[in-house]
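There are 2 protein chains.
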Amino acid sequence: MEKIEEHRCFGGLMQRWRHPSTTLGCPMTFSLFLPPARESAPPLLWWLSGLTCNDENFTTKAGAQRMAAELGIALIMPDTSPRGESIPNDASYDLGQGAGFYLNASEPPWASHYRMYDYLRDELPALVNSHFTFSGKQAIAGHSMGGHGALIMALKNPGRFCSVSAFAPIVNPCQVPWGQKAFSAYLGADETTWREWDSCELLANAPDEARLPMLVDQGDADTFLAEQLQPAQLAEAARSRDWPLELRIQHGYDHSYYFIASFIEEHLRFHAGYLFK
Amino acid sequence: MEKIEEHRCFGGLMQRWRHPSTTLGCPMTFSLFLPPARESAPPLLWWLSGLTCNDENFTTKAGAQRMAAELGIALIMPDTSPRGESIPNDASYDLGQGAGFYLNASEPPWASHYRMYDYLRDELPALVNSHFTFSGKQAIAGHSMGGHGALIMALKNPGRFCSVSAFAPIVNPCQVPWGQKAFSAYLGADETTWREWDSCELLANAPDEARLPMLVDQGDADTFLAEQLQPAQLAEAARSRDWPLELRIQHGYDHSYYFIASFIEEHLRFHAGYLFK
Numbered sequence: 316m317e318k319i320e321e322h323r324c325f326g327g328l329m330q331r332w333r334h335p336s337t338t339l340g341c342p343m344t345f346s347l348f349l350p351p352a353r354e355s356a357p358p359l360l361w362w363l364s365g366l367t368c369n370d371e372n373f374t375t376k377a378g379a380q381r382m383a384a385e386l387g388i389a390l391i392m393p394d395t396s397p398r399g400e401s402i403p404n405d406a407s408y409d410l411g412q413g414a415g416f417y418l419n420a421s422e423p424p425w426a427s428h429y430r431m432y433d434y435l436r437d438e439l440p441a442l443v444n445s446h447f448t449f450s451g452k453q454a455i456a457g458h459s460m461g462g463h464g465a466l467i468m469a470l471k472n473p474g475r476f477c478s479v480s481a482f483a484p485i486v487n488p489c490q491v492p493w494g495q496k497a498f499s500a501y502l503g504a505d506e507t508t509w510r511e512w513d514s515c516e517l518l519a520n521a522p523d524e525a526r527l528p529m530l531v532d533q534g535d536a537d538t539f540l541a542e543q544l545q546p547a548q549l550a551e552a553a554r555s556r557d558w559p560l561e562l563r564i565q566h567g568y569d570h571s572y573y574f575i576a577s578f579i580e581e582h583l584r585f586h587a588g589y590l591f592k
Numbered sequence: 316m317e318k319i320e321e322h323r324c325f326g327g328l329m330q331r332w333r334h335p336s337t338t339l340g341c342p343m344t345f346s347l348f349l350p351p352a353r354e355s356a357p358p359l360l361w362w363l364s365g366l367t368c369n370d371e372n373f374t375t376k377a378g379a380q381r382m383a384a385e386l387g388i389a390l391i392m393p394d395t396s397p398r399g400e401s402i403p404n405d406a407s408y409d410l411g412q413g414a415g416f417y418l419n420a421s422e423p424p425w426a427s428h429y430r431m432y433d434y435l436r437d438e439l440p441a442l443v444n445s446h447f448t449f450s451g452k453q454a455i456a457g458h459s460m461g462g463h464g465a466l467i468m469a470l471k472n473p474g475r476f477c478s479v480s481a482f483a484p485i486v487n488p489c490q491v492p493w494g495q496k497a498f499s500a501y502l503g504a505d506e507t508t509w510r511e512w513d514s515c516e517l518l519a520n521a522p523d524e525a526r527l528p529m530l531v532d533q534g535d536a537d538t539f540l541a542e543q544l545q546p547a548q549l550a551e552a553a554r555s556r557d558w559p560l561e562l563r564i565q566h567g568y569d570h571s572y573y574f575i576a577s578f579i580e581e582h583l584r585f586h587a588g589y590l591f592k
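Residue numbers (our numbering), protein chains in the order written: chain A, 316 to 592; chain B, 316 to 592.
Please note: incorrect hints may appear among the correct ones.
No distinction is drawn between identical chains; accordingly, a pair holds when it is met within one copy or between any pair of copies.
Derived pair list, reagent style SDA-like, types lysine to any residue, alpha-carbon separation capped at 20 Å [to be verified]:
id : residue 1 : residue 2
1  : K318      : A536
2  : K452      : Y589
3  : K592      : D557
4  : K452      : A550
5  : K376      : L328
6  : K592      : G340
7  : K318      : G567
8  : K318      : D569
9  : K592      : A521
10 : K318      : T538
11 : K592      : T538
12 : K496      : E320
13 : K496      : D557
14 : K496      : L562
Simulated from the structure, these hints should not be mistaken for lab results.
All chains, please: the whole structure from these sequences, using the hints.
Here's what the structure looks like:
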């Protein structure tokens, strides 16, 4: 593992690391924010980004380090897919590199490299825990495709995360164009296999021990709201299970990082309430 | 004047505008943050960016909107030079487009378009004041080449700005490689003409009515510190005039926007102390 960048930031350290990934079969880069040192090791918040993003979008644009430094939370920002000339890709922005959808692909040509779920569930946590000391408490959050990623990671791994939050997540990929395109390519035509990567399906069928606090913010000026996002589907699934989801509609906000920056402090404070419990 | 982007941000509006500039002879773009409306119109803080930047670097990376919204300060982020295929340029990053140095060039091929000083002193203020209502109180700040720009704008226009601040400014361009290269090209070989664009020279010779509060932050891990920045030269000039400059050396910080993000709240609070006086 090689450190490729380091900057002092709000008294902590903003770092970028590169490492070979055996799961994905290519070199991968992630960003890490370490808050100013305290007596005890910090908890860790995972941030999963959206379509076209890499580890730097949230890092440079969300302004999360200020509150992470104040609260004493470490942040880890992985990339959104395997990368490289030898990695299968697609000319569109919503498939292939930059659009891994946080799942394990089963179909050619994707299956050999597109295993972001295993990478984030097993390989990257093992790697960072062998290099850094965290408190052991973890939370997860993300934006759009990364909101989908955060929700499925939390729902599929009961007990691993204290809390989950998302900005404008794709909650019901089986039913919207982004998800249908990606799942058809990565998972094939049998839609029954899609359900295990769909937050609404997962939540409806989750065991009680998977329950955890969920916060979702959605801007009502988001141009993807009606066609791709449909947070009401998740709210309905949560209501039917009496699940602790808070869905907030934020008036006038769009799908951009200006929206994320405006509310990231509230998300960090939400997670802190569980990470330090 | 055409609005090309608008996003809700911290309850205010982040906008991007394009307009034809008669001073520069090309279309220009600037960004503007309007804080949430209050009973009285907001004061205006000008932000001048550094080499290679345009109006978006500070806008997306500094996280300034949060505190600007809280304090009720509007922010304007101009571009750093004229732009376009018909505008003279240079292959290097520190001359030509993206490197206007906030002066009026006298030498060919630059003189016809590179007049950022006049653009920022006259044309752009007149334009924005005809479209928006501000309180009339203004402050100015910048980074690196833009720190130089903020300091010379304040020193050359007594009474216009309530306060000035800078991150890692080029304070003595006559004596450092970045300044010598740019001034040779834009202003010619006669170094006596350079002095009116050099903060140390301007401060040493400023009339008493030009005095205004100055805050300068400089990281001691900034790789440009010794060769290009030398803030001690400005501190020495200020000391000899008993000028109200606070120069702060910030341990471990570099030249990046992570440095700016870490201290922008303190700069905004510094300016607010004068903008609302």
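**Asked** What hint numbers does the structure not satisfy?
**Response** 3, 4, 6, 9, 11, 12, 13 and 14
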